[in-house]
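Protein chains: 2
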Amino acid sequence: MEYEVKFLPDGKRITIEEGNTVLSAAIKGNIDISAICGGKGLCGKCIVEVIEGRTNPPTDHEKRRLGEKISKGFRLACQLKVHDNIVVNIPEQSRTGRQRLVIMGVEPPSRLNPNVKKIYLEITPPSLNDPRGDDVRVLDILSKLNIGNITINYEVTRKMPKILRESNWKVTFTILGNEIIDIEAGNTVDKCYGVAIDIGTTKLALFIVDLNDGTVIFSDGIMNPQIKYGEDVISRIQYASQSEDALREIQKTIIDGINSLIEKGIRETNIMRNNIYEVVVVGNTAMHHLFLGLNVKWLGLSPYAPVIGKGYYTRAKNIGVNINPIGGIYTLPNVAGFVGADAIADILASRIHEKEKLTLLMDVGTNTEVILGNKYGLWCCSTASGPAFEGAHIKFGMRAASGAIERVRIKENFDVEYVTIDNEKPRGICGSGIIDAIAEMLRTGVIDTSGRIILQNHKRIREGENGKEFIIAFKEETANKEEDIVITQDDIREIQKAKAAMYAGYMTLMRKAGFKKEELSEIIIAGAFGSYIDPSSARLIGMIPELPISKISFLGNTAGSGARLCLKSIDYRKEAEEVVKKMKYVELAAEPIFEEEYINAMYMPNSDLESFPEVVASIKAPKVVRKYKKR
Amino acid sequence: MEYEVKFLPDGKRITIEEGNTVLSAAIKGNIDISAICGGKGLCGKCIVEVIEGRTNPPTDHEKRRLGEKISKGFRLACQLKVHDNIVVNIPEQSRTGRQRLVIMGVEPPSRLNPNVKKIYLEITPPSLNDPRGDDVRVLDILSKLNIGNITINYEVTRKMPKILRESNWKVTFTILGNEIIDIEAGNTVDKCYGVAIDIGTTKLALFIVDLNDGTVIFSDGIMNPQIKYGEDVISRIQYASQSEDALREIQKTIIDGINSLIEKGIRETNIMRNNIYEVVVVGNTAMHHLFLGLNVKWLGLSPYAPVIGKGYYTRAKNIGVNINPIGGIYTLPNVAGFVGADAIADILASRIHEKEKLTLLMDVGTNTEVILGNKYGLWCCSTASGPAFEGAHIKFGMRAASGAIERVRIKENFDVEYVTIDNEKPRGICGSGIIDAIAEMLRTGVIDTSGRIILQNHKRIREGENGKEFIIAFKEETANKEEDIVITQDDIREIQKAKAAMYAGYMTLMRKAGFKKEELSEIIIAGAFGSYIDPSSARLIGMIPELPISKISFLGNTAGSGARLCLKSIDYRKEAEEVVKKMKYVELAAEPIFEEEYINAMYMPNSDLESFPEVVASIKAPKVVRKYKKR
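Residue numbers (my numbering), protein chains in the order written: chain P, 11 to 641; chain Y, 11 to 641.
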C-alpha cells in the first residue's frame, strides 16, 4: 500500500510505501531537510509539523528531543511513519538552507602544464603514393612534434575518418594523458576546459578552469547533498556499507550535485560540455571513495585502510560526471582512511612541504586534518572535530546562513554585542559566533577554565533543562521572538570536545615527531569554516596553540586550490605523489598520547597553562585545571 | 503491413515488412543462403523455389539468370518481394554450406611473453602501523617484483577490497599490458587463456590458446557469416557504407560468429569465460575495420587509406566480444587499404622477412595478398583474384564441401578421372578441381594457350549457351543425375582472370623492385584454399612462376598462425610494427605495369613463354600467344 506525503511550504508530493518514514520520503523527493545523525532519531534536527493525517505514536527519541513540542504537532521526520496520506510542514530551522560558503582559497602561482592538450594539425591527405592509415598519418606528425607514445581512443577512431575528410584534413586533436580522446573539425584549440572539485563532508565547491590560461571562469558551491544520509563521515560510510544499491545511491547523490553545478557553469559561461575534458577531485578519503563509488566498508573499520591510496585516473563516464563523454577523472592521493586527497591538496596549495620552519596546518571541518611539518618531513592525522563548529549539537547552532550570529563580544557588565550574517534578526549562532561567545565567556569570567558557567545572579544567566544557560540574544531581539538564544552548558561541552580534538591532534603529532613547542613558527587555518574564525578567540579557547596573531594565517579553501593546481599542471600531480610518500600518518584511534592530550585540552585553553601564557594572562576565568597523564 | 516468410527445409518463419525481399528476410533470420553479389541480382546464386504465396513478376535479372527455371517456380531471393505470406524452399546448391576449412597453419617456435600475465600474491594485511591503501599495498609489491607503472582498472577497484579480505589477502591479479584488469581469490595463475582469430573474407578461424604453455586447446572455423552481405570485400564495404546502422549490423554479424565459436570453445574445453583475457585479430583491412566497426567508406575509394594502420588496442566490450568483460583486443597493423593485418601475420609466421634469398608469398583467397622480398626489403600488393577459386562465377563451381570434385586427371583419350571430397557422387567442382581441370585441359591440348577450347568431335565436347563446354562428369555419374558437370569457355576465362591477377601482382612487384626472374628462390602458398592446390597444376596454368616443385611450399593458414604468435608474445607485436614500416606497398589500381602483366598473364602459362620453359615443354596446347606491351 502506498501513501502520499505532501511537504509544506513547497507543496511537493511524494508517494511512498506504507511503513517508511517521512524522512525517507523527503530523501526520495530530494527535499531539503536536515538529518545530521542520518535518521537515527539522535540529532533532533529533522523536526516537521504534522498538518494532516494519522500518525504513529511518538517514539522515545521524539519524547527526549521534542518534549512538550509533541503536543503542538511537532515530530521528527525520521521517526514519523507513513500509514496514511499525510501533510507535513518543514519549519525553516529544519532546512539545511543556503549557506555562505567559502569557495576560493589562496593558490600559489603555477606554470600551465595540464594533462589535457589540444593541438591543431593540417594533415597531408593520403594519395596512391602515400596510402598510410589515418592513424599513422596523425601519429607520425605528433611524433615529429615530440608527442610520442600516443594511442587513439576507440570512439575517436570511429568518427575520425569522416571528420578528417569533411574538414579538409584541418583538425584539432584533444590529447588526455597519452590518448587522443577527441577530434574536432578546424582549429578549436582555444576551447579547452577542466573542472576542479573539492568535495567536503558538508560542502561541495566546483571550479571551471580555462586550461589555455589557467583562469577560473566559473566557481560555485552548494551543500554536499549527501548530508541527507547523515552529517558526519561515519554515518555515510554506514549508509553506503549496507548494500551495493545504497553505495550507488549515495554516489549518485554527489554526482547529481556535481552535474548540476557543471550544468550551471556551462549555462553561465556559454562553453560546450564537450570542451570540458578533465575533472580533478579532492576530498577526504570517504568523500573520495563515495565519489568513485568504491566500497567504504573498511574505511569505517580499524585499521581504516583506503581502497585507493595513490592518485587515480578513470573515465568520467565510469562515474557519471557529465563532461566530454571520453573525458577523464583524476583524484589526488589519499594518505590513509581519514587523511585524504583534500589534505594533499592543502599541502600543495599552502606549500607547507617547502617551508624551512615548522608549520601547523589545520583544515577545519567536520573532520579536521592536522598536518605538521616542513620540508624535512610531514606528520598528519585527522580528528573528528565533529559538526559542532557547523552548528550541529548546539542548541541554537545553525549554519553560516542569514541571521546567524557570527561575532560576539561580551562587555565588562556581561552585556552582549553581536553581528549576524546579512544583518538579519538573529535566528541562531554559527560556528565562528559560538567560538567567539565561548572565548568571550572565558575572557570575562562567565565560565571557568573547565568550561563551567559560574556567573550567577545576572539577567543573562538562566536555568535550563540541563543546567545554566547564558543568554546571547533575548527573545525580543530574535527573528521569531519566541525564544532567547542561549549558550548552554552542553553547548560549551560540545565546543570543548571539538577544540580538544583539534589541539590534541596537533599535540600528538608534536610529541610523536619529537618537536619542541618553541619550534612551531606558523599556523595555517584552511577550510571554508576556518575563514570566519576570529584567531584570537580560537587561540583563547585553546583550539590552536599560542602563537602571535601575525603568525596565524587563513588560506580559505586550500583543498579547492590544490585541486585547481593539479588540474592546471600535471607537475603538481607528481608532486602530490612525492608528498604522500613523505607523510607520516598517525592513527589517533590507537594513540594513548591523543587520549591524554584530549583530556587536557578539554580545559580552556588547556590544563597545560604554561603553553598559553598570554591567553592565561588575559582571561578572568578562574584557573581550575587538573593535568591528566595517562599511566 | 507485415508478412511471414517460411523457409524450407528448416521451416524457420521470419516476419518482415511488405515490399522487402526474401533475401532480406533470410538475412534477418540468419538463414544460410548464398548471396555472392550482395543482393544485386547479378550472381544468380540465391535461388529459391516458391512453394506457396503470391509473388511479384520475375525481374530482368531473374530472366537472365534463371531462364526457363522460372516456369518451374525458381526465383532469386534478392529479386523476390514479399507481398503475401510465402513459403520458399532453399535448394542445397543455394546454401553456403558446411565447408572443409583449413584452420591450422605452420607456426615457428616462439617464446611465451603474452600481453596478459597472472600473478599470485600473498599480501600483508593493513594494520594501524601500516594503513596504506589497498592499491598501494598491491602496487608496491608488484614494483618490488619489477612490475612497474601499473594502473588498476576501475571495475577492479570496485571489487578489490572485498576479495582481498575474503581471500585472506591471497589473490591472483591479471595484468593486461600495464593495467590490472582482474582480481580473483586464491591462486588461479593456471587459468589464463587468450583467443586468436583470423577473419578471412570467406572464412573465420578461431583458436583458444592456453597462455601458460602456448598450446592451442580449441580450434574451429566457420564461414564468415558476413557472406550474407556479399562474397567479396567491395560488396561488404558498399553495404557497410550505407549508414551507421548498416555498419553496426555487418559488424554484429561477424561478432556473433566469433562469440558462437568462443561459446563452443568454452563448452568443449570447460574453461571459464572470465579466464579469457585477450583476443588477437587478423584479417584483411576491410575485415579488420568491419570487426572494429570502423568506417569503411574510404577503404573503397581511391587512395583506399585505412582508418587504422598501426597495431590497435581496445577493450573487448567496446566491440562486443564475449570474454572477460575487462579483457582486451589487439589487432595487428594494416599496410594499406588492401593489404591488411593478415598479410603481416603471414610474414610473421612464414619468416619471409628473415630470409636471405628472394621469396614470394601468396595468401590465396578472394583477395590474394602477394608479398615479395627477404630480410633486405618487402614489397606487397593485393590482387582481386575473386571468388572463382572458391567456386563462384563458375557454372558448376562450389565450395570445398562434400561431393565437390577436387582432383582431375585427363587421359590421352580425353577421358576424365576425378576425386570428390568425401568420395560422394559429384555435385560440382571446387577450386583445386577447377585448377586441375584447366591445367589438364592445357596439358592434353583440349584448350590452346589462349584458353580457347579447341578439341572437337569428342563425346566430352558439347555446345553450350556461350560456346563449347568440356564435360568432366556425365550426368549419370552425378549426385542429382540431371546435368553434366562441365567446364565452360566462360569458366576458363574466370580462372584465367583470377590467375592472371595473381601472377601480374607478382610480376608488378618484381619489376617495381627491380628484381630479376632468376633471383626468385622460393614460393610460399598460404591460405585455406591454397593448401589443396596441386602445385604442378598451379604452375602449369601460370598462376605462380615456374620454380621446381621442391621450392614451392604450402604453409596453410599462416594468418591464423601469425595471430597466435602475437597472442603468445608481445615480442611479435613489436616485430609486426617493424615489419609494417619496412613494407613497400604497390597499389595495383594505379599501376600500368600491372595492366600489361595482367593481359600477358591471361595466356596460359603466359605470353612470356620464356619464363615457363618446363611448362611449355610439357603441354600439348598450341602456343597461340601475343605479347602485350603498354605504350
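A few of these clues could be false.
Remember, identical chains collapse to one label, so a pair may be satisfied in a single copy or spanning two.
[Unchecked claim] SDA-like cross-link-like pairs, simulated, lysine to any residue; straight-line CA separation at most 20 Å:
no.	residue 1	residue 2
1	327	34
2	591	139
3	592	137
4	327	166
5	591	137
6	405	336
Hints in this document: simulated from the structure, not taken from any laboratory.
Which of the listed hints are broken here?
-> 1, 6
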